[in-house]
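**Q** Okay, here's what each chain looks like letter by letter:
Protein chains: 2
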Amino acid sequence: MNVCRIIGIGNELLIGDVVNTNATHIAKFLNKQGYFVDKIICIRDDYKAISDAILEAKKDHVNYLFTTGGLGPTYDDITMESIAKVLGLELEVNEEIVLKLKARAVARGHAFSEASKKMAILPKGCDIIPNGKGAAPGADIKYDGLRIFVMPGVPTEMKDMIKNYISHSLPNLGRYYQKKIIIEGIGESGLAQSIKEIASKYKDIYIKSHPRLRRGKYYIVLHIYVYDTLSEKAVEHVKEAAKIISTRFGQHIQS
Amino acid sequence: MNVCRIIGIGNELLIGDVVNTNATHIAKFLNKQGYFVDKIICIRDDYKAISDAILEAKKDHVNYLFTTGGLGPTYDDITMESIAKVLGLELEVNEEIVLKLKARAVARGHAFSEASKKMAILPKGCDIIPNGKGAAPGADIKYDGLRIFVMPGVPTEMKDMIKNYISHSLPNLGRYYQKKIIIEGIGESGLAQSIKEIASKYKDIYIKSHPRLRRGKYYIVLHIYVYDTLSEKAVEHVKEAAKIISTRFGQHIQS
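Protein chains in written order, with this note's numbering: chain A, 14 to 268; chain W, 14 to 268.
In case anyone wonders, no lab produced these hints; they're calculated from the structure. Just so you know, not all the hints are guaranteed correct.
The list makes no distinction among identical chains, and a pair is therefore deemed to hold if it is satisfied within one copy or across any two copies.
[To be verified] Restricting the straight-line Cα-Cα distance to at most 20 Å, the calculated cross-link-like pairs of lysine to aspartate or glutamate (EDC-like) are:
id: 1; residue 1: Lys214; residue 2: Asp30
id: 2; residue 1: Lys61; residue 2: Asp73
id: 3; residue 1: Lys246; residue 2: Asp157
id: 4; residue 1: Lys45; residue 2: Asp173
id: 5; residue 1: Lys193; residue 2: Asp89
id: 6; residue 1: Lys176; residue 2: Asp65
id: 7; residue 1: Lys176; residue 2: Asp241
id: 8; residue 1: Lys113; residue 2: Asp241
id: 9; residue 1: Lys209; residue 2: Asp140
id: 10; residue 1: Lys115; residue 2: Asp51
id: 11; residue 1: Lys216; residue 2: Glu197
id: 12; residue 1: Lys214; residue 2: Asp89
id: 13; residue 1: Lys72; residue 2: Asp140
id: 14; residue 1: Lys192; residue 2: Asp30
id: 15; residue 1: Lys172; residue 2: Asp73
id: 16; residue 1: Lys146; residue 2: Asp73
id: 17; residue 1: Lys155; residue 2: Asp140
id: 18; residue 1: Lys176; residue 2: Glu109
id: 19; residue 1: Lys192; residue 2: Glu109
id: 20; residue 1: Lys193; residue 2: Asp73
id: 21; residue 1: Lys192; residue 2: Asp241
id: 22; residue 1: Lys72; residue 2: Asp173
id: 23; residue 1: Lys256; residue 2: Glu108
id: 24; residue 1: Lys115; residue 2: Glu103
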């Protein structure tokens, strides 16, 4: 199965200091690979919040969990130890990572502190997700049907892990297709009846209109995409739905 | 009490098509008013997902819940009816809103459809949050100790409601203060010990470093802010912590 959930960890997200663009990047990647994201959560650097989120994912039979944030050297970066604790996994110092962190500190002219060493403490038996853009490694943890990809919160580091590790771990399921149609000069209400018809005809696709405003001009972005990635005809149904919209609203469609 | 939670509703958030900037805007507003945001959630336009989130907020003794999205005229906009259903509230057509929607459609040269009328169906007894920038009104629902502000997903409309309605409903608690210090030429690890000291000295404040990269240059953004808005000395403690950092790392601080 292909149910995914994304958890952003960090107080900065909850005080409105940082926009959670990480989740959007991960969700877009997963969606295009044919996976289903059921929920995105942002929580504080707090053991109870983290453990509750992990237990909730297990209870909800999530297959793949993606966390970002809380892997740095400071006292409040507690993601790795919190995940290990709630799952009952032993932590161990990875000496190979210690060496890498030391070399990195030397190269950058920083001292290697005990605080830095914290980044090398990982759950025993997990696979390491190399960090091509920063210090803290990620972890690929498999636990009782749940696979957790633990990543840093720095966007460039997370993106590097998606590109160079996770994209190889999660093959494209070939169950995804989307059409985006831009419609001008007609209100959302004017589209509603057609959308309703299409939605009741094809149960495995999703069609949704988003009103947008740019430079004083209103337009509608119509999304049609595979919703049920288990259906064999969903890709075809997206194409059929797009044809219906083109036929009915052709003169309003922006190419 | 002042525990808040933010729920973004809309498939577009879960497929990575839209970044949830709404949550960041609301969280920043709440934080500055002295309120505590414990969690941000994004879920699909799905009754079970919405009702689970509402019930979870009740279970967790959240005081203020903010939802965005799912108030439009299309078939999948089910936020208002889902909230009403899970709380057992009766829905009714608000004739005043119907008149406003009709006038709005006429002014824009659109037809007023049954689909549009859906936006005037609101929980009986709720207060209406006027929409100064769009069609769908919001709702201010008080239910058994939980207050829910239901808002549209279009950012300009949501922001209008925060500014013109919610900011008057949630007074500034005067329990908030923050310092943001930018530090260059020193690694996150070099700050870790001082941060740890400050954090153990002042339990009511929060201090966190964020490594950032701009134009090939690394720097640290250090946040110090009130964490426990119930403590009377927290504001003072933020100021004291900032003084400690200035004394120790003065030459690295960017003014």
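**Q** Now tell me if each hint is right for this structure.
**A** Hints, verified against the model:
Within a single copy, Lys214 and Asp30 get their C-alpha atoms no closer than 43 Å, and across copies no closer than 24 Å, so neither meets the 20 Å cut-off. Taking identical chains as interchangeable, the C-alpha atoms of Lys61 and Asp73 lie at most 20 Å apart whether they share a chain (18 Å) or sit on different chains (12 Å). Taking the closest pair of Cα atoms, Lys246 and Asp157 never come within 20 Å of each other, the shortest separation being 32 Å inside a single copy and 46 Å across copies. When the C-alpha separation of Lys45 and Asp173 is checked against a cutoff of 20 Å, the pair qualifies only within one copy, where the shortest distance is 17 Å, while the shortest distance between copies is 34 Å.
In this assembly of identical chains, the alpha carbons of Lys193 and Asp89 lie at most 20 Å apart only when taken from different copies (17 Å versus 42 Å within one copy). When the C-alpha separation of Lys176 and Asp65 is checked against a cutoff of 20 Å, the pair qualifies neither within a copy, at 29 Å, nor between copies, at 33 Å. When the C-alpha separation of Lys176 and Asp241 is checked against a cutoff of 20 Å, the pair qualifies neither within a copy, at 25 Å, nor between copies, at 39 Å. When the C-alpha separation of Lys113 and Asp241 is checked against a cutoff of 20 Å, the pair qualifies neither within a copy, at 43 Å, nor between copies, at 38 Å.
Proximity of Lys209 to Asp140 under the C-alpha cut-off of 20 Å is found in neither arrangement, the shortest distances being 46 Å within a copy and 30 Å between copies. In this assembly of identical chains, Lys115 and Asp51 lie within 20 Å of each other by CA distance neither inside one copy nor across copies; the values are 39 Å within and 36 Å between. Taking the shortest Cα distances, Lys216 and Glu197 never come within 20 Å of each other, neither inside one copy (27 Å) nor across copies (55 Å). In this assembly of identical chains, the alpha carbons of Lys214 and Asp89 lie at most 20 Å apart only when taken from different copies (14 Å versus 51 Å within one copy).
Taking CA atoms no more than 20 Å apart as the test, Lys72 paired with Asp140 passes in neither setting, with 24 Å inside one copy and 36 Å between copies. In this homomeric assembly, Lys192 and Asp30 come within 20 Å of each other (Cα to Cα) only across copies, at 12 Å, whereas the closest approach inside a single copy is 34 Å. Taking the closest pair of Cα atoms, Lys172 and Asp73 never come within 20 Å of each other, the shortest separation being 26 Å inside a single copy and 33 Å across copies. Taking identical chains as interchangeable, the C-alpha atoms of Lys146 and Asp73 are never at most 20 Å apart, the minima being 33 Å within one chain and 38 Å between chains.
Proximity of Lys155 to Asp140 under the C-alpha cut-off of 20 Å is restricted to the intra-copy arrangement: shortest distance 9 Å within a copy versus 48 Å between copies. Taking the shortest alpha-carbon separations for Lys176 and Glu109, neither the intra-copy value of 23 Å nor the inter-copy value of 53 Å comes in at or below 20 Å. Proximity of Lys192 and Glu109 under a CA criterion of 20 Å is satisfied in neither setting, with 46 Å inside one chain copy and 38 Å between copies. When the C-alpha separation of Lys193 and Asp73 is checked against a cutoff of 20 Å, the pair qualifies neither within a copy, at 31 Å, nor between copies, at 39 Å.
For the homomeric pair Lys192 and Asp241, the shortest alpha-carbon distance inside one copy (15 Å) is at most 20 Å, but the shortest distance between copies (47 Å) is not. Taking the shortest alpha-carbon separations for Lys72 and Asp173, neither the intra-copy value of 30 Å nor the inter-copy value of 38 Å comes in at or below 20 Å. Taking the shortest Cα distances, Lys256 and Glu108 never come within 20 Å of each other, neither inside one copy (58 Å) nor across copies (38 Å). Neither within a single protomer nor between protomers do Lys115 and Glu103 lie at most 20 Å apart by alpha-carbon distance, with minima of 24 Å and 63 Å respectively.
In terms of the numbered hints stated before, the structure departs from hints 1, 3, 6, 7, 8, 9, 10, 11, 13, 15, 16, 18, 19, 20, 22, 23 and 24, listed from lowest to highest.
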